[in-house]
Amino acid sequence: MTNPRTITLPEQEARQKLKRLTRRGFLAGGIAAAAGIGGYKWLTSGGEIGGRTWQERAVLNANGHISEAYLSDSRLARTYQPGQIGFLKANGGYGLDDDDELKTWKLTFDPGAGVSPLTLQIGDVQSLPTHKMITNFCCIEGWNVITQWTGVRFADFLGKYLPSGHALPGYVYMATPDEEYYVGLDMKSAIHPQTLLAWEINNQPLTSEHGAPLRLVIPVKYGIKNIKRIGTIRLTDKRPADYWAENGYDWFSGL
Amino acid sequence: MDDSTQTLRLKHLLAIRWFHWVNFPLLSLMIWSGLLIYWAYSPYHIGSFHFFPDWFINLLNIKFHLAEGMALHFVFMWLFITNGILYVSYTLISGEWRMLVPRSPKAFRDACQVLLHDLHLRKDAPPQDKYNAAQQIAYTGIILMGVGSFLTGLAIYKPVQMGWLAFLFGGYAGARLVHFLLTLGYVGFFVIHIQQVVLAGWNNFRSMVIGYEVVTQHD
Chain V
282 MTNPRTITLP EQEARQKLKR LTRRGFLAGG IAAAAGIGGY KWLTSGGEIG GRTWQERAVL
342 NANGHISEAY LSDSRLARTY QPGQIGFLKA NGGYGLDDDD ELKTWKLTFD PGAGVSPLTL
402 QIGDVQSLPT HKMITNFCCI EGWNVITQWT GVRFADFLGK YLPSGHALPG YVYMATPDEE
462 YYVGLDMKSA IHPQTLLAWE INNQPLTSEH GAPLRLVIPV KYGIKNIKRI GTIRLTDKRP
522 ADYWAENGYD WFSGL
Chain Y
175 MDDSTQTLRL KHLLAIRWFH WVNFPLLSLM IWSGLLIYWA YSPYHIGSFH FFPDWFINLL
235 NIKFHLAEGM ALHFVFMWLF ITNGILYVSY TLISGEWRML VPRSPKAFRD ACQVLLHDLH
295 LRKDAPPQDK YNAAQQIAYT GIILMGVGSF LTGLAIYKPV QMGWLAFLFG GYAGARLVHF
355 LLTLGYVGFF VIHIQQVVLA GWNNFRSMVI GYEVVTQHD
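Those sequence lines, one after another, are chains V and Y.
Just so we're aligned: the first sequence equals residues 282 to 536 in the working numbering.
Just so we're aligned: the second sequence equals residues 175 to 393 in the working numbering.
Please note that a few of the clues may not be correct.
[Said to hold, decoys possible] Straight-line Cα separation of at most 25 Å, BS3-like style, residue types lysine-lysine; simulated pairs:
{"id": "1", "chain 1": "V", "residue 1": "K300", "chain 2": "Y", "residue 2": "K185"}
{"id": "2", "chain 1": "V", "residue 1": "K413", "chain 2": "V", "residue 2": "K441"}
{"id": "3", "chain 1": "V", "residue 1": "K298", "chain 2": "Y", "residue 2": "K304"}
{"id": "4", "chain 1": "V", "residue 1": "K370", "chain 2": "Y", "residue 2": "K237"}
{"id": "5", "chain 1": "Y", "residue 1": "K237", "chain 2": "V", "residue 2": "K413"}
{"id": "6", "chain 1": "V", "residue 1": "K300", "chain 2": "Y", "residue 2": "K237"}
{"id": "7", "chain 1": "Y", "residue 1": "K304", "chain 2": "V", "residue 2": "K370"}
{"id": "8", "chain 1": "V", "residue 1": "K298", "chain 2": "V", "residue 2": "K322"}
{"id": "9", "chain 1": "Y", "residue 1": "K237", "chain 2": "V", "residue 2": "K298"}
{"id": "10", "chain 1": "Y", "residue 1": "K185", "chain 2": "V", "residue 2": "K469"}
Keep in mind the hints are simulated off the structure, nothing from the lab.
Remember, it's a predicted structure, so these values are computed and weren't measured experimentally.
Sequences and hints are given; from them, build the entire structure.
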């Protein structure tokens with residue numbers, strides 16, 4: 282049915298026609314509005330996964346997969362000049378409660394797939410080629426600070442400590458020594474050339490609150506993924522748990 | 175015209191009405207979820223007026239909902255953008271854009287006269303087609319703003335992988351500011367839009383729902 286552009290009728294009939302059109306139009310509008318409200322209720326009241334409904338989680342995960350597919354080693358985070366460095370506040374203290382841990386700190390690297398874990402000291406990490414970079418640190422809260430980091434590429438770390446012939450699994454799990462804080466990373470982001478295991482911030486050794494002795498710096502992710510005081514690194518084929526993804530946030534959280 | 179007849183005229187096509195009414199709740203949700211996100215880091219102010227004052231934050235209960243805001247924003251962005259693309263495509267394919275886009279510099283002078291007329295500072299309004307020049311500028315401007323929100327949104331969403339886009343808007347912080355200002359623009363548009371709809375009356379409003387308007391005698 283195509284609607285005529287104009288309808289001219291005797292006044293009485295026109296009035297009735299208008300009444301019918303009005304009733305039909307507002308009824309359709311009412312049904313559409315009810316459907317919209319119903320749809321919103323459905324979306325926001327399903328069974329929860331990590332503080333989000335499964336429907337929201339499904340979309341966030343799909344967004345993450347698109348982002349991961351688009352992520353490329355050739356697209357680097359912009360780097361800045363030393364004069365542009367700002368002040369980075371220490372924003373998250375989970376897993377940093379006990380400074381006694383620093384005295385006995387070691388890094389456990391578990392390549393997964395039945396390979397026995399390695400125990401590494403800071404010197405084992407620092408023996409790799411050192412990189413300095415000045416990048417933008419973006420907090421999920423919305424602020425950003427330009428910061429300089431010194432560390433080694435995580436890709437180089439894997440190159441050295443992953444047993445040869447061992448296939449690279451899909452994910453990386455990192456946790457603080459007490460496992461209070463932990464992050465899950467897709468391998469593509471983890472081996473991005475600007476992903477560093479770092480021990481210096483702005484040319485100074487990391488303080489305890491910034492994640493001494495070794496933290497992750499990953500400019501292709503929000504700050505929440507830049508885990509401090511790494512105690513364990515584990516490679517896995519299963520998407521690992523992630524502290525903030527269990528508290529309502531997107532698992533991928535990529536930039 | 176014969177006194178005993180009345181003419182109904184199809185003013186708004188079905189597709190345009192759907193795009194309009196689907197956009198309304200989607201844009202509202204984008205603004206609302208954006209507000210939940212903005213709260214987590216809300217640095218903007220004009221002089222001593224802070225965006226947003228405490229009474230406003232408390233009234234709407236928007237504290238500590240960052241995760242919820244991000245989830246809603248990144249779910250509904252798909253529907254909001256899809257509806258916008260369909261609307262623009264439809265106006266281009268159907269030819270409706272000719273009514274909606276100001277097509278000569280004269281439109282800006284006409285728009286000023288419409289404004290003066292609306293403010294009762296001028297007796298007669300310039301001759302117009304379906305939409306007057308002020309409407310054309312507003313309805314085209316809002317689409318350009320939508321494009322701006324999409325691009326700045328993308329720049330904030332993926333500031334590293336879309337680094338060139340973020341750079342275009344003055345970096346991450348610049349893109350966030352533009353995204354925020356555009357949102358204030360929508361709210362301003364909404365206020366004026368509602369006021370104009372109220373002034374234009376029931377016949378006009380009804381036509382946005384049912385399509386038809388009653389042609390008044392002096393037409």
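Status of each hint after checking the structure:
Restraint check for K300(V) and K185(Y): satisfied, since their Cα atoms lie roughly 17 Å apart, inside the 25 Å limit. For the hint pairing K413(V) with K441(V), the CA-to-CA distance comes to about 19 Å; that is within 25 Å, so the pair holds. A threshold of 25 Å between alpha carbons decides the hint, and for K298(V) with K304(Y) the separation of about 23 Å falls inside it, so the pair holds. Taking the CA atoms of K370(V) and K237(Y), the gap is near 21 Å; set against the 25 Å cutoff, the hint holds.
The straight-line distance between the Cα atoms of K237(Y) and K413(V) is roughly 38 Å, outside the 25 Å bound, and the hint therefore fails. Among the hinted pairs, K300(V) with K237(Y) is inconsistent with the structure: their alpha-carbon atoms are about 46 Å apart, more than 25 Å. Restraint check for K304(Y) and K370(V): the C-alpha separation of about 56 Å exceeds 25 Å, so the hint is violated. For the hint linking K298(V) to K322(V), the alpha-carbon distance of about 36 Å lies beyond 25 Å, and the restraint is violated.
With a CA separation close to 50 Å, the supplied pair K237(Y) and K298(V) exceeds the 25 Å bound. For the hint pairing K185(Y) with K469(V), the CA-to-CA distance comes to about 53 Å; that exceeds 25 Å, so the pair is violated.
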